[in-house]
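Can you build the whole structure from these sequences, using the hints too?
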Amino acid sequence: GAVVSQHPSRVICKSGTSVKIECRSLDFQATTMFWYRQFPKQSLMLMATSNEGSKATYEQGVEKDKFLINHASLTLSTLTVTSAHPEDSSFYICSVGARRGSTDTQYFGPGTRLTVL
Amino acid sequence: AQSVTQLGSHVSVSEGALVLLRCNYSSSVPPYLFWYVQYPNQGLQLLLKYTSAATLVKGINGFEAEFKKSETSFHLTKPSAHMSDAAEYFCAVSDRAGNMLTFGGGTRLMVKP
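Chains as they are written, first to last, in the numbering used here: chain G, 1 to 117; chain V, 1001 to 1113.
Mixed in with the good hints there might be a few duds.
Dumping the calculated DMTMM-like pairs for lysine to aspartate or glutamate here, alpha-carbon to alpha-carbon at most 25 Å [claimed, not checked]: (1) G:Lys55 x G:Asp27; (2) V:Lys1068 x V:Asp1095; (3) V:Lys1112 x V:Asp1095; (4) V:Lys1069 x V:Glu1015; (5) G:Lys41 x V:Asp1085; (6) G:Lys20 x V:Glu1066; (7) G:Lys41 x V:Glu1015; (8) G:Lys14 x G:Glu63; (9) G:Lys66 x G:Glu87; (10) G:Lys55 x V:Asp1095; (11) V:Lys1112 x V:Asp1085; (12) G:Lys55 x G:Asp65.
Simulated from the structure, these hints should not be mistaken for lab results.
None of these values were measured; they are calculated from a predicted model.
Here it is as structure tokens:
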């Protein structure tokens, strides 16, 4: 299957700092990547769709100025949590759509656990 | 609009017993359906997917799921549970494979020795 990596896997930061999370597609070029957020013991919630070379599409209720997404190349999308606060502590997961035969499937990265003190 | 409901946030079975994780969906268009597994502190791994071919879908690790349009269900089963199956399982739906996924709330499977 498609290989998707995320870096870092875990980050702890002080309140007010900004944190950048990278999502890389290692097997193929991805024009679209997705960013999800998962709170403890909860399901995944789509935050935004990252489009290569254009602005990301944010889901309702997600602050685009708070969660900056840059998809500068076909293999890399970054999510920057700006001025992080404790309530931003969460598990952030990216995914990449891959076509296998006639269908597409999303493949997920291992996730990044962000803890804001 | 699409939605997914997973009945039972926690399911406990004995090792060797049948595993049944329930998933019901709502979709205004023919759906594509997925089951993902998540181990602690890890990302999601695709178990299996239904994309309008055979209604009985076989996945990895001995899991399978059956798409029942009349019941709007896509329940996940495994004949015999193994300790290594203990994890969180998510059912998801999309209106076009590779597009945005809508997830259910997840079901934590616990396997007792």
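Evaluated hints:
no., hint, verdict
1, G:Lys55 x G:Asp27, "24 Å, holds"
2, V:Lys1068 x V:Asp1095, "16 Å, holds"
3, V:Lys1112 x V:Asp1095, "37 Å, violated"
4, V:Lys1069 x V:Glu1015, "31 Å, violated"
5, G:Lys41 x V:Asp1085, "18 Å, holds"
6, G:Lys20 x V:Glu1066, "40 Å, violated"
7, G:Lys41 x V:Glu1015, "24 Å, holds"
8, G:Lys14 x G:Glu63, "20 Å, holds"
9, G:Lys66 x G:Glu87, "12 Å, holds"
10, G:Lys55 x V:Asp1095, "23 Å, holds"
11, V:Lys1112 x V:Asp1085, "11 Å, holds"
12, G:Lys55 x G:Asp65, "12 Å, holds"
Of the numbered hints stated above, those contradicted by the structure are hints 3, 4, 6, listed in ascending order.
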